[in-house]
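**Student:** Here is what each chain is made of, one letter per residue.
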Amino acid sequence: MNIVVCIKRVPQTADAQVRVDSSGKDIEKERLTFDLNESDAYALEQAVLFKEQSGGTITAVSVGHPDTEDTLRMVLAKGADTAIRIKAEDFDELDGYKTAQILKTVIEKAEFDMIFTGCMATDDGYYQVGVNLAQLLGIPHATLVSSIEIGDGAARIKRELEGGLLEHDEISLPALFSVQTGINVPRYASLIAIRKAAKKEIAAVGQDDIDKDALVLNTQIEELFVPPVTKRAEIFSGTPEEVSGKLADMLNEKGLI
Amino acid sequence: MNKKKNIADQINPEIRDALLEMGADGIYRCYQCGKCAGTCPWFPVGTYDFPIFRLPLEAALGMIASSEDKDELAAEIDKIYRCVGCEACVDQCPHGINIPSIFRAGRRLLVDFGSYPEILKSTVRKIHDVGNPVGEPREKRSDWARDLNVPVFEPGMEFLYFSCCISSYDPRVKSVARAVAGILQKAGISFGILQSEESCCGEAIRRIGSETVYEEVAKANTSAFERNSVAKVLVNSPHCYTSFKNDYPELGVKFDVLHISEHLSDLIESGAIKPDKEFAKKVVYHDPCALGRQNDIYEAPRNVLRSIPGLELLEVENFNHGLSVCCGAGSGGLWMEWDKDERIAGVRVTQLIDTGADVIAVACPYCLQMLEETAKSMGHDIPVMDIAEILAESCL
Amino acid sequence: MAEILALVEHRQGSLRDVTFELMSCGRKLAENLDTRLTAVLLGHNTGEFADDLKTQAHRILVLDDERFKDFNSESYQQALSQVIKSENPVITLIGHTAFGMSLCPALGAQLDIPSSTDCLDIEMNDGGLKVIRQMYEGKLDARVRFRESPSYLVTIRTGCFPAEDGNLQAEIVSSDLKAAEPQHLKFIEYLEAAVGDVDITKADVVVGVGRGIKEKENMAMVEEFAGMIGGVVACTRPIVDAEWLPKDRQVGSSGKTVKPKLYIALGISGAFQHTAGMKGSDTIIAVNKDPDAPIFGEADYGIVDDLFKVLPALRDKITELKQ
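Chains as they are written, first to last, in our numbering: chain A, 3 to 259; chain B, 535 to 930; chain C, 357 to 679.
To be clear, the hints were calculated from the coordinates, so they are not data collected in a lab.
All figures in this text were calculated on a predicted structure; none of them were measured in a lab.
Don't take every hint at face value.
What the hints assert, rightly or not - Derived DSBU-like pairs (lysine-lysine); straight-line CA-CA distance at most 30 Å:
(1) B:K655 / A:K201
(2) C:K486 / A:K256
(3) C:K570 / B:K910
(4) B:K910 / B:K815
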């Protein structure tokens, strides 16, 4: 099984203060930590599990700026065999579709049975690149995948639907799977793997290899802003004892406890 | 360690060299006598097997965190993050091997590749993002002092009071910083705080293995000290103390650092502070590793407690001073998710309570948080207090 | 002006709520653009669906085929692409659901129509199409401009356009487009996640926990608290990913939807993926350290503090009250 994994380096914003920068179209990045996108870590692990099961190679691909090499190196240490950075700095503004077009030009040259992506990136939240890419490559896809069993020329997958329901499908290979978090438990990298990864070449692909003019940009961010407050909770203030007292009284009055 | 394979196949000189480069100390001097494991705070926990006496040899053979099996590797990395850096083993080792330095070397290699526990990643991230492990905004760093009229540090003031992230932000531990400021004000000491210019000292994350973020915050602090012509820093956390005293000099900065217990002890001796209210309780003192064993400050905090009228000072028999048992919060332990029955602090809390004390006294915000929470979770309602809090009750 | 299309979503014989939300959105757009809204209904024996939608759109275009009974992204894509080609809509609206996420980006790439997913709001004027989307885990909103195009594809986040009664009289049109046999993707069945001993959808009081709970062992404290107030413990996705609670306790877009009398959110930041499943609760209380956490935009009452300080205090107060 030869597998391609698409990954993205993203700012870790869940616990961070996120501020709009002076352009109004991007965020201040200096004080943020960047790391592998959450669901991409699961996509990588799924690839490594299949490689352990049935051999083959894993190629990690990312459209990113130079520091994406650090993330690709981590991905190499956790089980990818080769890594390709597509130089984001060569392609001006990007959106999900343009990213997919760029990925397509690189991945179509590779031999693969499966492509794994995370189901979404936590920075722009598009849920789009994987499906765009599958369509551009002319292969079937499945999104929100929470389980995969590989059979002969086809895979049995479960997708997560709303309400905790699962959809059980069969999909022919080659195919693209955009995976949900929780599909597996991502692994650590061993020191041996880390030392090997530190020495590996990361291939770089840029505008010399991809026809920039053929790429289409569908969407552009016009403005970033703090979401308007439509409804706001009534905040109880005071010490934990005081706020608990107020809250308990309120619940009691409403007959909720 | 993968036992299924021939050991000779697993020897990896490259990893040995990388560990040496990252500061693993004394790996060739070990003859596996086991004294380290006997004194390690994990030993009495009993439910977790932590044979650290094997570590120097494993490091010499380059056989650390090297399993190819996912689950075995996870267990190995969990092991590397069990060391709480108390350095009890360092004191005991007949060859003076620094076992925590070997763990730290391994951690540095792992952290560079994001191959370490998620919970610690989030701690490192918060320190990078907002300069404290709590994840609270910088602007709130001096909220603890809001109603106390604590001045902003200005050149010419005698001390910068550096209040540690935990005592600056934690709703419970804040009262330690408040007690310190109150006592200093009463004694007429010239001091100020740096408010949001202060960052975490970086001691814990350096021991977690994040050299990059440690350097980031250490440089932010030293340049803030230089900008404000700080010559003397007063700290209430032994972790800030050991970081400023033993790590920051590598950065080529010069300032004096004093732990609050030393200064309070001096102020009491000189008569600048007069503890006059009775604190009629039996108080057992717990030596924080970073203050006692690592920096030889044993008597100053005891002097503070002894000066308080009515206070009866108790010791944990056999396990005091250099033989104090760690609370388990060092080197990232404060944030780790170990099972309840696998907690070092449980051992220490039992020892402390068995003395018959009414109050547990500490001189460290990490110990305070760890021992208090653990005592509570074990169903004990014994108060855990910082020496500054006890002194404040007696002299303010 | 060309029409607005909106895709009807149904599953296991029922129309999904998102369908009516799309119709609300579509009617608004149609009114602004002075055009008509067409509901596109792919299904089998769909008479009842068409009846239910009659007041919601100007026209209902029905593609009836046994292969459309259950969603299949391949056959739906194949049919919908033909509908779009023949109808030339200015905008095609699809729900940002497990179906829409598979369908919309594929159609966009196939037809070279600009598409945007997970939109909260949508405006169309002379300047072209603009949408509002969330970024950075709900911390910021973005106004996104599309390139000029005669046709656009948009998926709409659930809950952004409340379902409303329509006052239209839809013309029902049967399309003679037939489904092609899917070549690559075969729907097998729907599977219910295993149901444990607790059914969170039936409880009057639900205590939800998120990442803020920090450690698995803190779950015991929450369980105890929930038990005390006669509630059950539910959670966000990361708690299920960490295997601290089973899947059937997950509230949110990929979990259960709960509408209890009281929902207490502990250490939950309020990502859309979670709030989608609990915002219909009668009373919502949130405890979170971060005053900027989006959960306070959903809650009725909030406490900005450490849940580990608040919960024990709250437990004590409630015990007092009960005595």
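**Student:** Evaluate each hint against the coordinates.
**Tutor:** Hints, verified against the model:
no., hint, verdict
1, B:K655 / A:K201, "holds, 24 Å"
2, C:K486 / A:K256, "violated, 43 Å"
3, C:K570 / B:K910, "holds, 18 Å"
4, B:K910 / B:K815, "holds, 20 Å"
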